[in-house]
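Heads up: the sequence lines are chains A and B, in that order.
The first sequence lines up with residues 1 to 148 when you count with the numbering used here.
The second sequence lines up with residues 1 to 148 when you count with the numbering used here.
Rather than coming from a laboratory, the hints here were simulated on the basis of the structure.
Being a predicted model, the structure only gives us computed values, none of them experimental.
Any given hint might turn out to be false.
Remember, identical chains collapse to one label, so a pair may be satisfied in a single copy or spanning two.
[As the list claims (entries may be wrong)] Below, computed lysine-lysine pairings styled on DSS-like, alpha-carbon distance capped at 30 Å:
(1) 44 to 118
(2) 118 to 140
(3) 104 to 15
(4) 118 to 104
Protein chains: 2
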Amino acid sequence: MKIEFMHCAIAEARKALENSEVPVGAIVVRNSQVIGRGYNQREKHNDPTAHAEILAIRQAASYLGSWRLTDCEIYVTLEPCPMCAGAIVNSRIQTIVYGAYDLKSGAVNSLYNILSDKRLNHQVEIYSGICEEQCQALLKEFFDQLRN
Amino acid sequence: MKIEFMHCAIAEARKALENSEVPVGAIVVRNSQVIGRGYNQREKHNDPTAHAEILAIRQAASYLGSWRLTDCEIYVTLEPCPMCAGAIVNSRIQTIVYGAYDLKSGAVNSLYNILSDKRLNHQVEIYSGICEEQCQALLKEFFDQLRN
Numbered sequence: 001m002k003i004e005f006m007h008c009a010i011a012e013a014r015k016a017l018e019n020s021e022v023p024v025g026a027i028v029v030r031n032s033q034v035i036g037r038g039y040n041q042r043e044k045h046n047d048p049t050a051h052a053e054i055l056a057i058r059q060a061a062s063y064l065g066s067w068r069l070t071d072c073e074i075y076v077t078l079e080p081c082p083m084c085a086g087a088i089v090n091s092r093i094q095t096i097v098y099g100a101y102d103l104k105s106g107a108v109n110s111l112y113n114i115l116s117d118k119r120l121n122h123q124v125e126i127y128s129g130i131c132e133e134q135c136q137a138l139l140k141e142f143f144d145q146l147r148n
Numbered sequence: 001m002k003i004e005f006m007h008c009a010i011a012e013a014r015k016a017l018e019n020s021e022v023p024v025g026a027i028v029v030r031n032s033q034v035i036g037r038g039y040n041q042r043e044k045h046n047d048p049t050a051h052a053e054i055l056a057i058r059q060a061a062s063y064l065g066s067w068r069l070t071d072c073e074i075y076v077t078l079e080p081c082p083m084c085a086g087a088i089v090n091s092r093i094q095t096i097v098y099g100a101y102d103l104k105s106g107a108v109n110s111l112y113n114i115l116s117d118k119r120l121n122h123q124v125e126i127y128s129g130i131c132e133e134q135c136q137a138l139l140k141e142f143f144d145q146l147r148n
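If we strip away everything but chain A, and leave its shape as in the complex, we get (with noise of 0.2 Å):
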């Protein structure tokens, strides 16, 4: 677990927030190196399932020319919700690490515990927390844009 990924992912963040979209950002790394990017473009696109961790996801799977990312970790800004969090499990990523917390819908710790879960056929390490406050106000922001 790297900081300086939790800044990337950030970064990701913040191009969503520039895009009016609900400002999540996430990263897929391996071997130490980004493999995957992604923001939330829900919006953008249309779609309901181009969540940040989706199109990262995605990305690096495609970049691997696999559907498995074992050995990945993914560095997301906010805890993952349940189609996220069922997308991490079935691609086999390794670890996740992840910004503020979501009592709304998280599906890592919050609601759910989808990524520790021993009856599904495989569960992540699970770092939560990382760079919180950060990634909070990145959400602060844009829900307070909204209201004004």
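Based on these hints, arrange chain B on the given structure of chain A.
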């Protein structure tokens, strides 16, 4: 809920079987019109997110020009996994009709109840076990082939 649409989903699953993919098919219906189709293409596209439901949802959203699939039903041959159940919640689909139960990773009734969880911001009407035998027979055919 119309049984003919489940037959369309089964036809999609057959395409997966013909392509040596785990045979799962899905369709999205709005006003009795099919607006999205998908079958599992994880291996072909090297994409861990290329499950039948995700592909059908993305096609339907693209057709409607909106990520909100309100007033839509999804028909799928197998109980969705956490990723796909999460995508169904995220896309605000009204109704799900599914065939076979998935005791190992089903997230509608078997391991989780993501589509009826009142803590999430959307709930989905559920019809389970529709054409269950036909849907399960396809899966059995695939895994029997794999073993031989």
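Hint check results:
Taking the shortest Cα distances, residue 44 and residue 118 sit within 30 Å of each other only across copies (28 Å), while inside one copy they are farther apart (36 Å). Taking the shortest alpha-carbon separations for residue 118 and residue 140, only the inter-copy value of 25 Å comes in at or below 30 Å, while the best intra-copy value is 34 Å. In this assembly of identical chains, residue 104 and residue 15 lie within 30 Å of each other by CA distance solely inside one copy; the values are 23 Å within and 38 Å between copies. Taking the shortest Cα distances, residue 118 and residue 104 sit within 30 Å of each other both inside one copy (23 Å) and across copies (11 Å).
This entry satisfies every hint, going by the numbered hints stated previously.
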